[in-house]
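Asker: Anchor point for the sequence shown: position 42 equals 42 in the numbering used here, and the numbering is continuous, going up by one each time.
For the record, the hints were derived by calculation from the structure and aren't laboratory data. Backbone N, C-alpha and C fix where the C-beta goes; we use that ideal spot for every residue, glycine too. Accuracy of the hints is not assured; some may be wrong.
As the list claims (entries may be wrong) - Calculated pairs, DSS-like style, for lysine-lysine (alpha carbon to alpha carbon, straight line, at most 27 angstroms):
id, residue 1, residue 2
1, K211, K120
2, K34, K211
3, K34, K100
4, K236, K100
Claimed, not checked - Estimated spans, in silico, between C-beta atoms of each pair:
id, residue 1, residue 2, range
5, K211, Y180, 13 to 23 angstroms
6, Y57, W241, 45 to 55 angstroms
7, P207, F151, 46 to 56 angstroms
8, A192, Q234, 29 to 39 angstroms
9, A169, A50, 37 to 47 angstroms
10, Q234, S42, 25 to 35 angstroms
11, S221, M162, 16 to 26 angstroms
12, Q237, N45, 32 to 42 angstroms
13, I61, F244, 43 to 53 angstroms
14, I163, Q237, 43 to 53 angstroms
15, D239, K100, 13 to 23 angstroms
16, S137, G181, 15 to 25 angstroms
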Amino acid sequence: MHAGKAYFICFTVRSGSTLLSQLLADTGLAGRPKEHFYHNISPDNPRGDAIPDYRAYLEQILAADTSANGVFGSKVGGGYWRDFARRLRSIEGFDSLPLKAALDRLFPDLRYLHLTRRSKVRQAVSHWMAIQTGRWSSLDTVENSTPRYDFAAIDHLLQEIMIREAVWAEYFAENSIQPYGIIYEEFVAHPAATVRAVLDCLDIERPTDFKVPAPRYQRLSNALTEAWVQRFRQEKQRDFWTQFW
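Throw the hints in and build the complete structure from the sequences for me.
Answerer: See the structure below:
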């Protein structure tokens, strides 16, 4: 379906995927990566929004979000990877294909970027704060509420992050895929170098005067974030025979 280069940013929540997508899109060379395959899945809507003709939907997003040099990018979360597979198999001729084979048919030159965060606890704390405040990025200026520490909530989100990471680990291992790894902590410290490295790994040519665009998002972590991280670590290890973390 797509003759040019294509890539997926495989991520879990609060790992910097919004910033990475913005920087890659703003280069004008790497498509316009968005969550094209997330369809409003929620506890009240577990199967997501209905899309009667998924092939037509794919053709629509490819036309809209492929850059002039033929590159298409998308960001895909492990939390809805199974739903995406189900929708792909609704396309005529795809119903019996393994997911990897279906993707290869759609995107013959598909590359995978795997975005992860070293500190899963900070990731879980960030997620819990965003859920409460409604501030998912620095561009969200209005906070819905003052965040409150909750050990059980952070612990639940930590486990959820690890399960979503396992989705990617299993898919890559089962299909002998070696994704290009991006570590959040290194990415936010060196965003321009990361973007150049990603373009290189995708074999995307850059003009001689190329400059990486400026980030439009800023980190939201603060002293309260760090205090919650340390408190969670202490409480998590309270019944351990020794504290090692």
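Asker: Hint compliance check: list the failing hint numbers for this structure, sorted ascending.
Answerer: When the structure is compared with the hints, numbers 1, 4, 9, 14 and 15 turn out to be violated.
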